[in-house]
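Undergrad: Okay, here's what each chain looks like letter by letter:
Number of protein chains: 2
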Amino acid sequence: MHRYLPVLDWGRRYNRQTLVSDLVAAAIVTIMLIPQSLAYALLAGLPPEVGLYASVLPLAAYAIFGTSTSLAVGPVAVVSLMTAAAVGRIASEGTADYASAAIILAMLSGGMLVAMGAMRLGFLANFLSHPVMAGFITASALIIAISQIGGLLGIPTAGHALPDLLASLWDGLDQFNASTLAVGALALGLLLWIRLDLKNWLLHCGLGKAAANAVVRAGPVAVVGLTMTASALFDLGGRGVALVGQVPQGLPQPSLPTFDLETIRLLIVPALAISVVGFVESISVAQTLAAKRRERIDPDQELIGLGMANAAAAISGGYPVTGGFARSVVNFDAGAATPAAGAFTAVGIAAATLVLTPLLALLPKATLAATIIVAVLSLVDFSVLTRAWSFSKADFAAVVATLFGTLLFGVEPGIGLGVGLSLLIFLLRSSRPHAAVVGRVPGTEHYRNVERHAVETEPSIASLRVDESLYFANARYLEDIVFDLVAKRPEVKDVILMCSAVNAVDLSALESLSAIHRHLADMGVRFHLSEVKGPVMDRLKGTEFLAQMKERVHLSHHQAVQAVSNGAQSLVHDVS
Amino acid sequence: MHRYLPVLDWGRRYNRQTLVSDLVAAAIVTIMLIPQSLAYALLAGLPPEVGLYASVLPLAAYAIFGTSTSLAVGPVAVVSLMTAAAVGRIASEGTADYASAAIILAMLSGGMLVAMGAMRLGFLANFLSHPVMAGFITASALIIAISQIGGLLGIPTAGHALPDLLASLWDGLDQFNASTLAVGALALGLLLWIRLDLKNWLLHCGLGKAAANAVVRAGPVAVVGLTMTASALFDLGGRGVALVGQVPQGLPQPSLPTFDLETIRLLIVPALAISVVGFVESISVAQTLAAKRRERIDPDQELIGLGMANAAAAISGGYPVTGGFARSVVNFDAGAATPAAGAFTAVGIAAATLVLTPLLALLPKATLAATIIVAVLSLVDFSVLTRAWSFSKADFAAVVATLFGTLLFGVEPGIGLGVGLSLLIFLLRSSRPHAAVVGRVPGTEHYRNVERHAVETEPSIASLRVDESLYFANARYLEDIVFDLVAKRPEVKDVILMCSAVNAVDLSALESLSAIHRHLADMGVRFHLSEVKGPVMDRLKGTEFLAQMKERVHLSHHQAVQAVSNGAQSLVHDVS
Numbered sequence: 001m002h003r004y005l006p007v008l009d010w011g012r013r014y015n016r017q018t019l020v021s022d023l024v025a026a027a028i029v030t031i032m033l034i035p036q037s038l039a040y041a042l043l044a045g046l047p048p049e050v051g052l053y054a055s056v057l058p059l060a061a062y063a064i065f066g067t068s069t070s071l072a073v074g075p076v077a078v079v080s081l082m083t084a085a086a087v088g089r090i091a092s093e094g095t096a097d098y099a100s101a102a103i104i105l106a107m108l109s110g111g112m113l114v115a116m117g118a119m120r121l122g123f124l125a126n127f128l129s130h131p132v133m134a135g136f137i138t139a140s141a142l143i144i145a146i147s148q149i150g151g152l153l154g155i156p157t158a159g160h161a162l163p164d165l166l167a168s169l170w171d172g173l174d175q176f177n178a179s180t181l182a183v184g185a186l187a188l189g190l191l192l193w194i195r196l197d198l199k200n201w202l203l204h205c206g207l208g209k210a211a212a213n214a215v216v217r218a219g220p221v222a223v224v225g226l227t228m229t230a231s232a233l234f235d236l237g238g239r240g241v242a243l244v245g246q247v248p249q250g251l252p253q254p255s256l257p258t259f260d261l262e263t264i265r266l267l268i269v270p271a272l273a274i275s276v277v278g279f280v281e282s283i284s285v286a287q288t289l290a291a292k293r294r295e296r297i298d299p300d301q302e303l304i305g306l307g308m309a310n311a312a313a314a315i316s317g318g319y320p321v322t323g324g325f326a327r328s329v330v331n332f333d334a335g336a337a338t339p340a341a342g343a344f345t346a347v348g349i350a351a352a353t354l355v356l357t358p359l360l361a362l363l364p365k366a367t368l369a370a371t372i373i374v375a376v377l378s379l380v381d382f383s384v385l386t387r388a389w390s391f392s393k394a395d396f397a398a399v400v401a402t403l404f405g406t407l408l409f410g411v412e413p414g415i416g417l418g419v420g421l422s423l424l425i426f427l428l429r430s431s432r433p434h435a436a437v438v439g440r441v442p443g444t445e446h447y448r449n450v451e452r453h454a455v456e457t458e459p460s461i462a463s464l465r466v467d468e469s470l471y472f473a474n475a476r477y478l479e480d481i482v483f484d485l486v487a488k489r490p491e492v493k494d495v496i497l498m499c500s501a502v503n504a505v506d507l508s509a510l511e512s513l514s515a516i517h518r519h520l521a522d523m524g525v526r527f528h529l530s531e532v533k534g535p536v537m538d539r540l541k542g543t544e545f546l547a548q549m550k551e552r553v554h555l556s557h558h559q560a561v562q563a564v565s566n567g568a569q570s571l572v573h574d575v576s
Numbered sequence: 001m002h003r004y005l006p007v008l009d010w011g012r013r014y015n016r017q018t019l020v021s022d023l024v025a026a027a028i029v030t031i032m033l034i035p036q037s038l039a040y041a042l043l044a045g046l047p048p049e050v051g052l053y054a055s056v057l058p059l060a061a062y063a064i065f066g067t068s069t070s071l072a073v074g075p076v077a078v079v080s081l082m083t084a085a086a087v088g089r090i091a092s093e094g095t096a097d098y099a100s101a102a103i104i105l106a107m108l109s110g111g112m113l114v115a116m117g118a119m120r121l122g123f124l125a126n127f128l129s130h131p132v133m134a135g136f137i138t139a140s141a142l143i144i145a146i147s148q149i150g151g152l153l154g155i156p157t158a159g160h161a162l163p164d165l166l167a168s169l170w171d172g173l174d175q176f177n178a179s180t181l182a183v184g185a186l187a188l189g190l191l192l193w194i195r196l197d198l199k200n201w202l203l204h205c206g207l208g209k210a211a212a213n214a215v216v217r218a219g220p221v222a223v224v225g226l227t228m229t230a231s232a233l234f235d236l237g238g239r240g241v242a243l244v245g246q247v248p249q250g251l252p253q254p255s256l257p258t259f260d261l262e263t264i265r266l267l268i269v270p271a272l273a274i275s276v277v278g279f280v281e282s283i284s285v286a287q288t289l290a291a292k293r294r295e296r297i298d299p300d301q302e303l304i305g306l307g308m309a310n311a312a313a314a315i316s317g318g319y320p321v322t323g324g325f326a327r328s329v330v331n332f333d334a335g336a337a338t339p340a341a342g343a344f345t346a347v348g349i350a351a352a353t354l355v356l357t358p359l360l361a362l363l364p365k366a367t368l369a370a371t372i373i374v375a376v377l378s379l380v381d382f383s384v385l386t387r388a389w390s391f392s393k394a395d396f397a398a399v400v401a402t403l404f405g406t407l408l409f410g411v412e413p414g415i416g417l418g419v420g421l422s423l424l425i426f427l428l429r430s431s432r433p434h435a436a437v438v439g440r441v442p443g444t445e446h447y448r449n450v451e452r453h454a455v456e457t458e459p460s461i462a463s464l465r466v467d468e469s470l471y472f473a474n475a476r477y478l479e480d481i482v483f484d485l486v487a488k489r490p491e492v493k494d495v496i497l498m499c500s501a502v503n504a505v506d507l508s509a510l511e512s513l514s515a516i517h518r519h520l521a522d523m524g525v526r527f528h529l530s531e532v533k534g535p536v537m538d539r540l541k542g543t544e545f546l547a548q549m550k551e552r553v554h555l556s557h558h559q560a561v562q563a564v565s566n567g568a569q570s571l572v573h574d575v576s
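Residue numbers (the UniProt record's numbering), protein chains in the order written: chain A, 1 to 576; chain B, 1 to 576.
Treat the hints with care, since some could be wrong.
Copies of one chain are not kept apart here, so a pair can be met inside one copy or by any two copies together.
As the list claims (entries may be wrong) - Heads up, simulated SDA-like pairs for lysine to any residue below, C-alpha to C-alpha not over 25 Å straight-line:
no.	residue 1	residue 2
1	199	252
2	199	354
3	550	479
4	550	526
Just so you know, the hints here were simulated from the structure itself, not pulled from any lab data.
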């Protein structure tokens, strides 16, 4: 019970001090979340109030089921883009079908996350490797930023990959609106100034650090208020500036989404992509923040927490949510002590929704576009390219494939390409493992690569170390290496395979080891093993191969070489 | 030049003795190949003479480009079944489109094999693991045998998987023909007797071993002659027995196949499956036979040899070929000394084609069905199931999936299922690697698993060994293990990761190692590495992570523990 409801644990330890910490953090995150939630909903192709709906119940659900004390759940940029790409394929923006598809997507994603958590499949998210995730986030951020340039210029954009986006920007140039650009540029300039310079300026003016931070965090809300006021004063709507317009007042009644099998079928793959990407993004930031306080988060329970948050989004007219990077850091810095901070944020957003919705009609959409651009630019990080390049060309290839795949073909093909390429590279690498002929480091019992070290060897003994588990993809390669070695050195009478790096042996490898043993015997060469690990020995026990090898399995490589040199036989390796 | 034309090597050493050996082997293989080539062509859904065509030029081509002295190339049962399954999807048996699709399939497969050979991609065939190949061959042999039961009963069968086959047998029961069964049963009985008992009987009668072997090998040809005679004497054709019927006389003129893009598109995947399965079957038998004479075959050149054989099949009206298991063993036993034996076999088959084609009209198809059944029954091997079960459940799952996948859904889905499952199991296993907390074996410098051995540990030091290369699929799992360990043991002040089994580190793992280092530092815990291998150290050099670790990378685990216990610092591991 406690495993699935972490609230039962931290709830008992809740006190006045944690309450104050959580309330302060919630107030700060609420102020930050209001403009972001409106903007991200627009990015997802949904009415702005949907962003507010997605910031109430989901946060409360995560507070009950989540394990991170700092993770701030809600609408985030990348998942909003993925939602737009997925839903845009099956319905037109602005239609009822579009909104209900977004709800179904949240429900599917929630169900998948809860199921993965219940089955403890959180480790599957690991297949989204660091280079793939880094390439994907940067590409998504670029696509988002470029899509919002249209919003700054008053040009409608279409598509969720670079070619379509640029084409629609180009085609729409004649719809450019100077008033929109004016308000958009004002908002963008103010937001950048708030982010980059305001804090230093306030500190310089003698304000305290805490007060300066609070002002900086409230800045975006001030920009929203300022442009709304400008909109009213100068009748920006009448000058062709796109405004948010009338939105329904109050909070939606919780209701179950209506399901449509064909829509579900089309959204299965996007829901999986959103679930995994959202989970990886959340777990990274949650783990980083937890470690700072020597706390632990439970990845499988996090899946359940995020899944319940998405289910809550689905029943309250929202769309897919996850843990946001920037907001979580702010939440942590502001002192959030328990997941209750999220629940208080939910209350804050609910109150704001009731107050704000009448005012939103006047808000220029360009303000929200500027909010998005400033938020996502911090996600663009090309440094991973140089780091990957200098570390390994394989990782570099994965970053580049994901980055360009996402930019050119969209979010799901980009991720698919990156994950597929990463797996392929890994399999290819392990199918041709590093192998070294080893010799004795003079005066020691250590055996090292003859090409790296000055070592002693005996002509009649071939000592070979293979640096990989032996499995089907490299089993026959092992045969090639051994037979090449023996064919090149006809004087060899003994081959000793050093197994210190062999962590596993499968049936194909067992067949290859048997074939090597048999074929070497046909050639009059003896085959030995050394330094076989316990788990591998457990597996080999009871096989015909081990019975044939008998006394030619040696505890250490040195013992093997000595036994062969002396013509003597060392004892069989006993793992007991 | 010599790399791509092995004939230039062995041709220079050719002499009278090798000529005699090759001629004897060729004569024996020719007699064995005549009925098999006719039967396998029928199995592929093609006219029987196509089997003869596929046994002339392809053998000559392999003799020039192949490296095995013993491999007998030509039509084989499993590839014939795969051809029927592939071509049967795009044309009806007996049509000109069917025959030309088979030719295109041979050309595609030839092109793929040559390309793989030129790019040295032979190791890709390793992904067809031993359990998958074993399950596939047994399932294919069962499907082939069951499909030929129709031929013995005079019932036409359809489909290349068990459900369709059994349904068509059931539906066709009313077409059962007693005369067909009589001749089929006679042929089957004789062939089984020849295979199982004839040799012992001949030896018992005082015949020499060589003569007895020769009689046994000529037996199937005698059965063909006997049933042809019976067909003429008793007018079997008039009694409803299916005969081979009129076939074109002589050999076809070499000609380029006509290409059709849509057909090519449909045959790409089957051609790849046929290429890989054919290559794996050939290379296994070629390597086994080569090792017996301490010869080497070059897998990449074998791809080129088999590819050229298929290209030759395509331009001479044949269909896909590969190295056959049984015929290669016979070729080896008969003393084939060079690939020239194959060229002589080609001459023998060409001569037989000119003489035989007029006579074939009278041959009952039931004789060929019996020939196939006897040939494939030796391929059925359920022992792999018990071997896999006792060795590892993962390998067992791969065998079972391939076996039942092939039986139920056909050859390509079966292989796809087996390969996919093998990869998935491998990835899942390496994503949750074996990890052990280790302690010192008293009185030694060895560190072993605390759960397997009686070892000494210090409360403030956590020594952890992970038995797997660190890469994206298990990087975050490593973080989980480390943080769980530290959370459970608050007294821990030092974590030492023993890297003796870590053969590679990718960028994701580097990020995880950095995160572990950083988070542990946040908790006031020091992070150390020990026994980092040369290639891994090469990769880490120049990274920020290694710079931060500095003197906390230790040559041996014992040195690491001593350094930590003494509060001293050992020297950084120097790989030069």
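Undergrad: For every hint, state whether the structure bears it out.
TA: Hint-by-hint comparison with the structure:
no. : hint       : result
1   : 199 to 252 : neither (38 Å within a copy, 87 Å between copies)
2   : 199 to 354 : neither (31 Å within a copy, 96 Å between copies)
3   : 550 to 479 : within (21 Å within a copy, 40 Å between copies)
4   : 550 to 526 : within (12 Å within a copy, 44 Å between copies)
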